[in-house]
Amino acid sequence: MELTSPTYFAKVKVQTVQDYVLFCVQSVTNLFQRPFYLTDIVSQADSIGVGSLPIVVLTGFFTGAVLALQASNTLERFGSLSLVGQLVSTSMVRELGPVLTSLMVAGRNSSGMASELGSMMVTEQIDAMRALGTDPMKKLVTPRVAATVFMLFFLAIISDLVGLAGGALVARVLLHLDSRQYWSYAWQTLVFQDVFMGLVKPVLFGFIIATIGCFYGMNARGGTQGVGRATTQAMVASSVLILVLDFFVTRLLMAVLSYH
Amino acid sequence: MSAPTLPLDSAAATVQEDAARVIVFDDVKLGFGDNEVLRGVSFHLARGETKALFGVAGSGKSLILKLAMGLIRPDSGSTVVLGHDISQMREEELFQLRRKIGMVFQESALFDSLTVRENVAYRLMEEHGIYDEDIDRRVREALHFVELEHTLDLYPAELSGGMRRRVAIARAVITQPELLLYDSPTGGLDPVTSNRIIEFIVKQRDVYKTSALLVTHRLQDGFTMATHQFDQDANRMVQLPPGRSCDVPMSFLILRDGKVIFDGDAQALKESRDEYIREYIS
Numbered sequence: 000m001e002l003t004s005p006t007y008f009a010k011v012k013v014q015t016v017q018d019y020v021l022f023c024v025q026s027v028t029n030l031f032q033r034p035f036y037l038t039d040i041v042s043q044a045d046s047i048g049v050g051s052l053p054i055v056v057l058t059g060f061f062t063g064a065v066l067a068l069q070a071s072n073t074l075e076r077f078g079s080l081s082l083v084g085q086l087v088s089t090s091m092v093r094e095l096g097p098v099l100t101s102l103m104v105a106g107r108n109s110s111g112m113a114s115e116l117g118s119m120m121v122t123e124q125i126d127a128m129r130a131l132g133t134d135p136m137k138k139l140v141t142p143r144v145a146a147t148v149f150m151l152f153f154l155a156i157i158s159d160l161v162g163l164a165g166g167a168l169v170a171r172v173l174l175h176l177d178s179r180q181y182w183s184y185a186w187q188t189l190v191f192q193d194v195f196m197g198l199v200k201p202v203l204f205g206f207i208i209a210t211i212g213c214f215y216g217m218n219a220r221g222g223t224q225g226v227g228r229a230t231t232q233a234m235v236a237s238s239v240l241i242l243v244l245d246f247f248v249t250r251l252l253m254a255v256l257s258y259h
Numbered sequence: 000m001s002a003p004t005l006p007l008d009s010a011a012a013t014v015q016e017d018a019a020r021v022i023v024f025d026d027v028k029l030g031f032g033d034n035e036v037l038r039g040v041s042f043h044l045a046r047g048e049t050k051a052l053f054g055v056a057g058s059g060k061s062l063i064l065k066l067a068m069g070l071i072r073p074d075s076g077s078t079v080v081l082g083h084d085i086s087q088m089r090e091e092e093l094f095q096l097r098r099k100i101g102m103v104f105q106e107s108a109l110f111d112s113l114t115v116r117e118n119v120a121y122r123l124m125e126e127h128g129i130y131d132e133d134i135d136r137r138v139r140e141a142l143h144f145v146e147l148e149h150t151l152d153l154y155p156a157e158l159s160g161g162m163r164r165r166v167a168i169a170r171a172v173i174t175q176p177e178l179l180l181y182d183s184p185t186g187g188l189d190p191v192t193s194n195r196i197i198e199f200i201v202k203q204r205d206v207y208k209t210s211a212l213l214v215t216h217r218l219q220d221g222f223t224m225a226t227h228q229f230d231q232d233a234n235r236m237v238q239l240p241p242g243r244s245c246d247v248p249m250s251f252l253i254l255r256d257g258k259v260i261f262d263g264d265a266q267a268l269k270e271s272r273d274e275y276i277r278e279y280i281s
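If you're matching them up, the sequences are chains V and W in order. Those letters in the first sequence? Residues 0 to 259, by numbering that gives the first Met the number 0. Those letters in the second sequence? Residues 0 to 281, by numbering that gives the first Met the number 0.
Please keep in mind that the hints were generated in silico from the structure rather than gathered at the bench. Small disclaimer: the values here were computed from a predicted structure and weren't measured. Heads up, some of the hints might be wrong.
What the hints assert, rightly or not - Under 10 Å between C-beta atoms, here's a sample of chain W residues computed to sit facing chain V:
(1) 106
(2) 125
(3) 159
Said to hold, decoys possible - The calculated lysine-lysine pairs, modelled on DSBU-like cross-linking and capped at a C-alpha distance of 30 Å, are:
(4) W/269 with V/10
(5) W/99 with W/269
(6) W/28 with W/258
(7) V/12 with V/137
(8) V/138 with W/99
(9) W/99 with W/258
(10) W/99 with V/137
(11) W/208 with W/269
(12) W/28 with W/99
(13) W/99 with W/208
(14) V/138 with V/12
(15) V/12 with W/28
Claimed, not checked - A short list of chain V residues far from chain W (calculated; beta carbon distances all over 12 Å):
(16) 60
(17) 90
(18) 119
(19) 134
(20) 177
We put the beta carbon where it would ideally sit given N, CA and C, even for glycine.
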């Protein structure tokens with residue numbers, strides 16, 4: 000095995016980060032430059048958003064349900080079983096809805112984008128597109144970024160809602176709580192900061208999912224093996240980045256919104 | 000005092016010369032890491048001419064086409080295409096210029112998620128936005144040119160290798176570009192299909208007078224193009240009488256070790272005394 004010098008390794012990593020930042024900037028600035036590929040944005044929104052709906056609904060529902068179930072054990076010890084709605088609500092809206100939805104969409108779409116664009120790259124289709132006078136960044140990357148950010152926002156809201164419904168079902172059927180009480184607590188406990196935090200996260204995570212997926216795809220080299228590598232890397236990098244970013248965004252928003 | 004007519008004439012001559020040259024490569028160098036592939040390549044392509052590029056695998060033939068398209072940039076030297084020094088142009092400016100150039104890639108590079116119709120119409124759709132009657136007519140014309148009208152609604156995966164190359168040619172010629180770049184259009188194909196593709200390239204040269212650079216490994220492709228011309232009445236390629244190969248705008252360029260070792264017509268190639276060239280064409 001050939002050994003790589005630490006300096007060279009560091010240079011490559013810094014170069015990759017620099018390329019990724021420039022890639023992100025270009026994907027956003029393209030939104031304000033002609034031509035606009037509205038049809039591609041709609042088509043991607045359908046594929047990413049509507050296509051991800053079943054897994055997001057399933058994940059959200061069972062997360063809410065298991066959250067209610069787990070919380071009931073602890074709350075019962077303190078005689079506060081009625082607060083289960085409050086716990087499910089804040090957990091889903093602030094944290095689990097956006098993060099789990101993003102992880103699901105990352106698994107499905109970040110890898111999908113990397114493999115699709117990677118295949119196009121290694122079969123010279125990206126070069127052919129450039130040769131035909133089309134900017135692949137505008138045609139392929141920007142629509143995917145715009146569609147993912149837009150759709151993940153709504154998918155997270157749907158996930159929150161079905162998560163609450165899952166919690167409600169467990170509360171009613173297994174914990175024998177009153178449904179109106181559950182929904183009342185779930186609703187009343189939410190404040191602006193909870194909702195704001197829950198809506199900012201999917202926007203950031205959507206951007207991460209799409210840009211990471213497209214970046215690895217557009218930089219795929221080395222035939223089918225290279226495409227496979229790009230797909231795995233995109234999936235791993237986007238999932239890890241979502242979790243890391245989640246911590247820092249939560250901390251930042253808590254500080255900014257004076258919220259604990 | 001007499002006017003300095005000479006510089007003016009010289010300038011006018013230069014302008015005329017530039018207009019007559021579609022591609023001018025001047026001392027172009029390009030390498031990847033320690034491997035310097037092109038070591039000072041200089042040549043020009045005259046308007047209306049087709050130049051066949053030969054060389055062993057890895058000699059940089061395909062790189063020359065990609066440089067001419069502005070898909071990659073040289074390390075040094077200048078690449079002037081259709082009057083623009085593309086080595087100095089930004090990517091956004093290149094997109095406009097590329098619309099005047101057609102390229103046929105080595106493996107066709109058709110968009111595999113689009114039908115033949117959508118592939119051929121791609122450039123027109125990008126310009127006009129919607130698939131209307133005019134685009135449909137032009138798509139059918141382009142596919143008629145390569146005799147593949149019946150494949151309109153098929154996907155590239157449903158076509159044979161030769162058919163994919165012909166669709167790629169149709170996609171490249173649909174806008175009647177000023178310059179065509181063919182990257183091994185006959186590579187890996189049987190002789191019958193190869194001849195058919197060469198016939199389309201000759202038709203494009205003789206009927207539409209399009210300038211072209213052709214990368215190929217098959218020497219017979221170049222000689223076929225140098226000894227045949229397209230007969231529009233008979234709608235087929237016909238052989239020229241012996242000794243009339245200079246009647247067609249066809250030239251040859253041979254690369255060796257990253258440099259041009261031959262640039263001339265078929266007659267000069269046959270008469271070359273260079274040992275490497277003699278071995279190459281034997």
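To see whether the hints hold, each was checked on the structure:
{"no.": "1", "hint": "106", "verdict": "6 Å, holds"}
{"no.": "2", "hint": "125", "verdict": "6 Å, holds"}
{"no.": "3", "hint": "159", "verdict": "17 Å, violated"}
{"no.": "4", "hint": "W/269 with V/10", "verdict": "52 Å, violated"}
{"no.": "5", "hint": "W/99 with W/269", "verdict": "34 Å, violated"}
{"no.": "6", "hint": "W/28 with W/258", "verdict": "9 Å, holds"}
{"no.": "7", "hint": "V/12 with V/137", "verdict": "26 Å, holds"}
{"no.": "8", "hint": "V/138 with W/99", "verdict": "20 Å, holds"}
{"no.": "9", "hint": "W/99 with W/258", "verdict": "28 Å, holds"}
{"no.": "10", "hint": "W/99 with V/137", "verdict": "20 Å, holds"}
{"no.": "11", "hint": "W/208 with W/269", "verdict": "25 Å, holds"}
{"no.": "12", "hint": "W/28 with W/99", "verdict": "25 Å, holds"}
{"no.": "13", "hint": "W/99 with W/208", "verdict": "14 Å, holds"}
{"no.": "14", "hint": "V/138 with V/12", "verdict": "27 Å, holds"}
{"no.": "15", "hint": "V/12 with W/28", "verdict": "28 Å, holds"}
{"no.": "16", "hint": "60", "verdict": "33 Å, holds"}
{"no.": "17", "hint": "90", "verdict": "41 Å, holds"}
{"no.": "18", "hint": "119", "verdict": "8 Å, violated"}
{"no.": "19", "hint": "134", "verdict": "6 Å, violated"}
{"no.": "20", "hint": "177", "verdict": "53 Å, holds"}
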